[in-house]
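*Asks:* What follows is the residue order along each chain.
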Amino acid sequence: QKEVEQNSGPLSVPEGAIASLNCTYSDRGSQSFFWYRQYSGKSPELIMSIYSNGDKEDGRFTAQLNKASQYVSLLIRDSQPSDSATYLCAVHPGSGTYKYIFGTGTRLKVLA
Amino acid sequence: EPEVTQTPSHQVTQMGQEVILRCVPISNHLYFYWYRQILGQKVEFLVSFYNNEISEKSEIFDDQFSVERPDGSNFTLKIRSTKLEDSAMYFCASSDWTSTGNEQFFGPGTRLTVL
Numbered sequence: 001q002k003e004v005e006q007n008s009g010p011l012s013v014p015e016g017a018i019a020s021l022n023c024t025y026s027d028r029g030s031q032s033f034f035w036y037r038q039y040s041g042k043s044p045e046l047i048m049s050i051y052s053n054g055d056k057e058d059g060r061f062t063a064q065l066n067k068a069s070q071y072v073s074l075l076i077r078d079s080q081p082s083d084s085a086t087y088l089c090a091v092h093p094g095s096g097t098y099k100y101i102f103g104t105g106t107r108l109k110v111l112a
Numbered sequence: 001e002p003e004v005t006q007t008p009s010h011q012v013t014q015m016g017q018e019v020i021l022r023c024v025p026i027s028n029h030l031y032f033y034w035y036r037q038i039l040g041q042k043v044e045f046l047v048s049f050y051n052n053e054i055s056e057k058s059e060i061f062d063d064q065f066s067v068e069r070p071d072g073s074n075f076t077l078k079i080r081s082t083k084l085e086d087s088a089m090y091f092c093a094s095s096d097w098t099s100t101g102n103e104q105f106f107g108p109g110t111r112l113t114v115l
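In order, the protein sequence lines correspond to chains A and B. Going by the numbering used here, the first residue of the first sequence is number 1, and it counts up by one from there. Going by the numbering used here, the first residue of the second sequence is number 1, and it counts up by one from there.
Quick caveat, the hints were computed from the structure, so don't treat them as lab data. Just so it is clear, CB atoms sit at the ideal spot from N, CA and C, and this is done for glycine as well. Any given hint might turn out to be false.
[Unchecked claim] Computed beta-carbon distance windows for the label pairs: (1) B:K83 <-> A:Y51: 19 to 27 Å; (2) A:D55 <-> B:Q41: 44 to 52 Å; (3) B:D63 <-> A:A17: 47 to 55 Å; (4) B:E18 <-> A:N53: 20 to 28 Å; (5) A:N22 <-> B:G101: 38 to 46 Å; (6) A:D78 <-> B:E18: 19 to 27 Å; (7) A:P81 <-> B:Q41: 22 to 30 Å; (8) B:S27 <-> A:L75: 19 to 27 Å; (9) A:K56 <-> B:P108: 41 to 49 Å; (10) A:D55 <-> B:I54: 43 to 51 Å; (11) B:D71 <-> A:A112: 17 to 25 Å; (12) B:K83 <-> A:K56: 19 to 27 Å.
[What the hints assert, rightly or not] Pairs of lysine-lysine residues, derived as PhoX-like cross-links and limited to a Cα-Cα distance of at most 20 Å, are as follows: (13) B:K57 <-> A:K42; (14) B:K57 <-> B:K78; (15) A:K2 <-> B:K57; (16) A:K67 <-> A:K56; (17) B:K83 <-> A:K2.
[Stated by the list, open to error] Facing chain B, according to a computed beta carbon distance under 10 Å, are these residues of chain A, among others: (18) S32; (19) L46; (20) L75; (21) S84.
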């Protein structure tokens, strides 16, 4: 059974701080990794995708991938109250499947 | 910016009734998906659709479920005889697999309530 694990939180950070969200996955052959933001009662919104080991930056967001450790993370710099949401890690296991496997999500609370 | 749209936003039905959830994927995308999320739980894959046929389905997607692309724009999910446990948010997603990736974009969802 392929799994994606996240700490459910809540992770509370003060406004302006860096929020660090983590995700581990069980399938070593996984190829593609995604972070989605989901506000309560809304749909997942794609924030970042990452396919290669290392860091990928987009504005205030940095995704980090370490395939050897089967670990993906998302850093949010200068956190804002509007960043308060659940962050979902999704993994595409690789060839032969089309689906994403989602983690349960980490709830982030940015305190003003 | 192109987006996935879904209708209705909320559907209430009686147990045993048929429901059809509708989606309009992003226009140049070729891969379509349905996921569901039971309240407080993970987003779960139901089915993927490509080239007018199902390319993959999960264990959840049993004989009570079907998908169809009746025209060039709509993509539908039908639940033939709804059960209480079908109550969930249903998300349609679409993607365009390229050499750089396979990002799936989600619609706003349909909240299905089975009474």
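*Asks:* Each of the hints needs a verdict: does it hold here or not?
*Replies:* Hints and how they fare:
1. Hint check: K83 (chain B) to Y51 (chain A), Cβ distance near 39 Å, so the stated range 19 to 27 Å is violated.
2. Distance hint for D55 (chain A) and Q41 (chain B): a CB-CB separation of about 31 Å, inconsistent with the stated range 44 to 52 Å.
3. The hinted range of 47 to 55 Å is satisfied by D63 (chain B) and A17 (chain A), whose Cβ atoms lie roughly 50 Å apart.
4. Distance hint check: the CB atoms of E18 (chain B) and N53 (chain A) are about 48 Å apart, inconsistent with the given range 20 to 28 Å.
5. In this structure the supplied range 38 to 46 Å is violated for N22 (chain A) paired with G101 (chain B), their Cβ-Cβ distance being about 22 Å.
6. Hint check: D78 (chain A) to E18 (chain B), Cβ distance near 49 Å, so the stated range 19 to 27 Å is violated.
7. One distance hint, 22 to 30 Å for the beta-carbon pair P81 (chain A) and Q41 (chain B), holds here, with the actual separation near 26 Å.
8. Taking 19 to 27 Å as the suggested C-beta distance range, the pair S27 (chain B) and L75 (chain A) does not conform, at roughly 34 Å.
9. The hint said 41 to 49 Å for the Cβ distance between K56 (chain A) and P108 (chain B), and at roughly 27 Å that hint is violated.
10. Between D55 (chain A) and I54 (chain B) the beta carbon distance is about 37 Å. The supplied range of 43 to 51 Å is therefore violated.
11. Taking 17 to 25 Å as the suggested C-beta distance range, the pair D71 (chain B) and A112 (chain A) does not conform, at roughly 48 Å.
12. The hint said 19 to 27 Å for the Cβ distance between K83 (chain B) and K56 (chain A), and at roughly 42 Å that hint is violated.
13. Under the criterion of a C-alpha separation no larger than 20 Å, the hint pairing K57 (chain B) with K42 (chain A) is inconsistent with the structure, at around 24 Å.
14. As the CA atoms of K57 (chain B) and K78 (chain B) are separated by approximately 14 Å, the hinted pair is consistent with the 20 Å bound.
15. Our distance criterion of 20 Å between C-alpha atoms is met by K2 (chain A) and K57 (chain B), whose separation comes to about 15 Å.
16. Annotation: proposed proximity of K67 (chain A) to K56 (chain A) holds, straight-line Cα distance about 14 Å (limit 20 Å).
17. Proposed proximity of K83 (chain B) and K2 (chain A) is contradicted: the alpha carbons are some 27 Å apart, above 20 Å.
18. With its C-beta approaching chain B no nearer than about 6 Å, S32 (chain A) sits inside the 10 Å limit, and its interface hint holds.
19. Below 10 Å, beta-carbon pairs count as interface contacts, and L46 (chain A) has one with chain B at about 6 Å; its hint therefore holds.
20. The restraint placing L75 (chain A) at the interface with chain B is violated, with a minimum CB-CB distance near 20 Å, outside the 10 Å limit.
21. Taking 10 Å as the C-beta cut-off, the interface hint given for S84 (chain A) is violated, the closest approach to chain B being about 18 Å.
In terms of the numbered hints stated before, the structure departs from hints 1, 2, 4, 5, 6, 8, 9, 10, 11, 12, 13, 17, 20, 21, listed from lowest to highest.
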